[in-house]
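Fit chain S to the supplied structure of chain L, relying on the hints for placement.
Just so you know, the sequences run in chain order L and S.
The numbering of the first sequence is the working numbering, which starts it at 22 and goes up by one.
The numbering of the second sequence is the working numbering, which starts it at 40 and goes up by one.
Everything labelled a hint here was simulated from the structure, so no lab data went into it.
Backbone N, C-alpha and C define an ideal beta-carbon position, used for all residues, glycine too.
Lysine-lysine pairs mimicking DSSO-like chemistry, simulated, CA-CA at most 27 Å apart:
id : chain 1 : residue 1 : chain 2 : residue 2
1  : S       : K164      : L       : K141
2  : S       : K201      : S       : K97
3  : L       : K41       : S       : K459
4  : S       : K492      : L       : K145
So, partial list: chain S residues that the calculated Cβ filter (under 8 Å) puts toward chain L:
id : residue
5  : S470
6  : R471
7  : E477
8  : F486
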Amino acid sequence: MTAKREILRIEDLHVEVEGKPILKGVNLTINAGEVHALMGRNGSGKSTLSYTLMGHPRYTVTKGTVLYHGKDLLAMPVDQRARSGIYLAFQYPVAIPGVSVSNFLRASVKARRGTDVPVKEFRKELKEKMATLGVSNEFLSRYVNDGFSGGEKKRLEILHMALLNPEFALLDETDSGLDIDALRTVADGINAQANEDNAMLLITHYQRVLDYVTPHFVHVMHNGEIIKSGGSELAKELEAKGYDWVTQELVPTA
Amino acid sequence: MAAELTQDQRLLKGVGDDYKYGFHDSEKDYSFKSGRGLTTEIVTEISRMKDEPEWMLKYRLRALEIFHKKPMPRWGNCKLLDDIDFANIHYYVRATEKQGRTWDEVPEGIKNTFDRLGIPEAERKFLAGVSAQYESEVVYHSIREDLEKQGVIFLDMDSALKQYEDVVRKHFGTVIPSADNKFAALNSAVWSGGSFVYVPKGVKVDIPLQAYFRINTENMGQFERTLIITEPGSFVHYIEGCTAPTYSSDSLHSAVVELIAQPNSHIRYTTIQNWSKNVYNLVTKRAVAYEDSKVEWVDGNIGSKLTMKYPAIYLMGPRAHGEVLSIAFSGEGQHQDAGAKMVHFAPDTTSIIVSKSIAKDGGRTSYRGLVKVYEQATNVKSSVRCDALLMDENSRSDTYPTMEIDQKDVTIEHEATVSKVGEEQLFYLMSRGLTQTEATTMIVNGFFEPFTKELPLEYAVELNRLIQLEMEGSVG
Numbered sequence: 022m023t024a025k026r027e028i029l030r031i032e033d034l035h036v037e038v039e040g041k042p043i044l045k046g047v048n049l050t051i052n053a054g055e056v057h058a059l060m061g062r063n064g065s066g067k068s069t070l071s072y073t074l075m076g077h078p079r080y081t082v083t084k085g086t087v088l089y090h091g092k093d094l095l096a097m098p099v100d101q102r103a104r105s106g107i108y109l110a111f112q113y114p115v116a117i118p119g120v121s122v123s124n125f126l127r128a129s130v131k132a133r134r135g136t137d138v139p140v141k142e143f144r145k146e147l148k149e150k151m152a153t154l155g156v157s158n159e160f161l162s163r164y165v166n167d168g169f170s171g172g173e174k175k176r177l178e179i180l181h182m183a184l185l186n187p188e189f190a191l192l193d194e195t196d197s198g199l200d201i202d203a204l205r206t207v208a209d210g211i212n213a214q215a216n217e218d219n220a221m222l223l224i225t226h227y228q229r230v231l232d233y234v235t236p237h238f239v240h241v242m243h244n245g246e247i248i249k250s251g252g253s254e255l256a257k258e259l260e261a262k263g264y265d266w267v268t269q270e271l272v273p274t275a
Numbered sequence: 040m041a042a043e044l045t046q047d048q049r050l051l052k053g054v055g056d057d058y059k060y061g062f063h064d065s066e067k068d069y070s071f072k073s074g075r076g077l078t079t080e081i082v083t084e085i086s087r088m089k090d091e092p093e094w095m096l097k098y099r100l101r102a103l104e105i106f107h108k109k110p111m112p113r114w115g116n117c118k119l120l121d122d123i124d125f126a127n128i129h130y131y132v133r134a135t136e137k138q139g140r141t142w143d144e145v146p147e148g149i150k151n152t153f154d155r156l157g158i159p160e161a162e163r164k165f166l167a168g169v170s171a172q173y174e175s176e177v178v179y180h181s182i183r184e185d186l187e188k189q190g191v192i193f194l195d196m197d198s199a200l201k202q203y204e205d206v207v208r209k210h211f212g213t214v215i216p217s218a219d220n221k222f223a224a225l226n227s228a229v230w231s232g233g234s235f236v237y238v239p240k241g242v243k244v245d246i247p248l249q250a251y252f253r254i255n256t257e258n259m260g261q262f263e264r265t266l267i268i269t270e271p272g273s274f275v276h277y278i279e280g281c282t283a284p285t286y287s288s289d290s291l292h293s294a295v296v297e298l299i300a301q302p303n304s305h306i307r308y309t310t311i312q313n314w315s316k317n318v319y320n321l322v323t324k325r326a327v328a329y330e331d332s333k334v335e336w337v338d339g340n341i342g343s344k345l346t347m348k349y350p351a352i353y354l355m356g357p358r359a360h361g362e363v364l365s366i367a368f369s370g371e372g373q374h375q376d377a378g379a380k381m382v383h384f385a386p387d388t389t390s391i392i393v394s395k396s397i398a399k400d401g402g403r404t405s406y407r408g409l410v411k412v413y414e415q416a417t418n419v420k421s422s423v424r425c426d427a428l429l430m431d432e433n434s435r436s437d438t439y440p441t442m443e444i445d446q447k448d449v450t451i452e453h454e455a456t457v458s459k460v461g462e463e464q465l466f467y468l469m470s471r472g473l474t475q476t477e478a479t480t481m482i483v484n485g486f487f488e489p490f491t492k493e494l495p496l497e498y499a500v501e502l503n504r505l506i507q508l509e510m511e512g513s514v515g
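Pulled out of the complex, with its shape left as it was, chain L reads as follows (with noise of 0.2 Å):
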């Protein structure tokens, strides 16, 4: 067996927001090749674990450190983070009116690669991917998520995570809202990207999308902490038992 190669190491991670802590001393290492599931209950600190991994300004970390490739991520700014291969796929991704959907996937394509992509070129590496996503040209022309429907807005977060190419990708409830048909192919695009060089957290409320992307791992989060981890089966029995389970099995009565 080869030596696994780690990507990114949460240690003790305590995290607040406006003053009211949320996570409380998460501990989780993801290495190369792996596709982990951050499963939970709305409100258990899933979400402010892929804002806080991404740099969003309002998320204080009070104690632990977060390593990327060995370095320091919490020192880095948001769109360092960025270019040096972190990517979220948002909940909610925003609306920016005025600005068009080819206009900002290629900025910020730039801006990862550090290179500019001649026109000619990105147009057609951006109709390959696209086409595998099943989302239309027109879409190109439209202002960023302003007037998208829920699976649309979803499909460009994925469109963009094909093309970004990210090391570590965080998939915040990408499942969220997706009729089975858009869910299917949003699922192929996730697949599509998993391979040995790179990693991914998949943060889900339902074990639903796992029956089109298998992890290699699943954790449960309850209250700000992981306080179970397990293989893909974890996430069946989660399904058949509820979180009730877990987390009276695991969290100690007061």
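Below, chain S alone, put in the same frame as chain L:
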């Protein structure tokens, strides 16, 4: 000359780092520069030097009286208005005696300046005619031959007064009389340069005509006068741009622009105002639109210290349509007080006002608008939308909309928003690798997009670049 430009550039380094038009040329070869201040003698001298007909001299002198009598406006920005020192301004400056029909005929120093501003290049690429005004006079003028053959007249106003005196006399000051306001009176007294455009029946000028206005001298007053007339069924798109050197003391730009759109004709008038931040820009612009005609003011205000400008359209005939689409950008020490006026005199007339403004670093923007519907104007439709974006806590935006509606059978919509550049928008864009400056610029350009998309491509690119310059160094 070239060496002097380099020296000027050195002197200006650091004065207006984000304003690349802030350089100035030497004045040593100037043919005339009036002393400071405004007197009957100066007005008479201007008219005499231009060899004008007697009626124009009388018109000027009467306007001068009106100017002296009219009080300063007590609205807009009173403090900045009161700071204007009318006695310290040069009202008439002539850099060269003759006007070029080719760029080679323009004195080298002035030609170099317009080269740096990209005018000859733009002319070669995508314009049907160009007028370049330097100080008080138009130093270069040309129009495509085929348009001239179709009877299109595009001249500087001084030449038009000589060559088409009857037409000028008939229309001059009919849309904006001298007594309209203090600054219209000032312009009427000391006007010089500007454009005269006349488009004959049915002729559509398919590519734009452009005028470019450049101030060079310190404490200069530039007072161009423009009159555009379109005969029935014709179309013209006129674009104006302007810049000035950055000085520590103020200059004054006060233009009067009159448009007359005869039945079923169409005028589009686009302005990219990019004066340096020591220029007062107090301009009166008004159009009359007859039956089935259409007038559009596309008005971009990026520069200047104080701009007060409210392009107006008087909808005189049934089914006439007016649009004002404007943007304003105010940075440190700037106040853009801009807006629009729509006056509906006739039934079935329609109007649209879209105003977008951005204030940052303590800058101030105001939307000031009027929609007036007279009793006889039935079935009028008008919509007003103003959006303001504030980049920080120190900046300010105000909206002063006025509606005077004397007729019940109307549809009026009004919507106004003020928003801040959202933390969530910035985070989203930056999470895809854009720097804070790039992200902010993208949001701002997106905000202005309804305006930019109405510009010819080259101008849209230029405007986006200007905004990028304004954003750089001010963020993060």
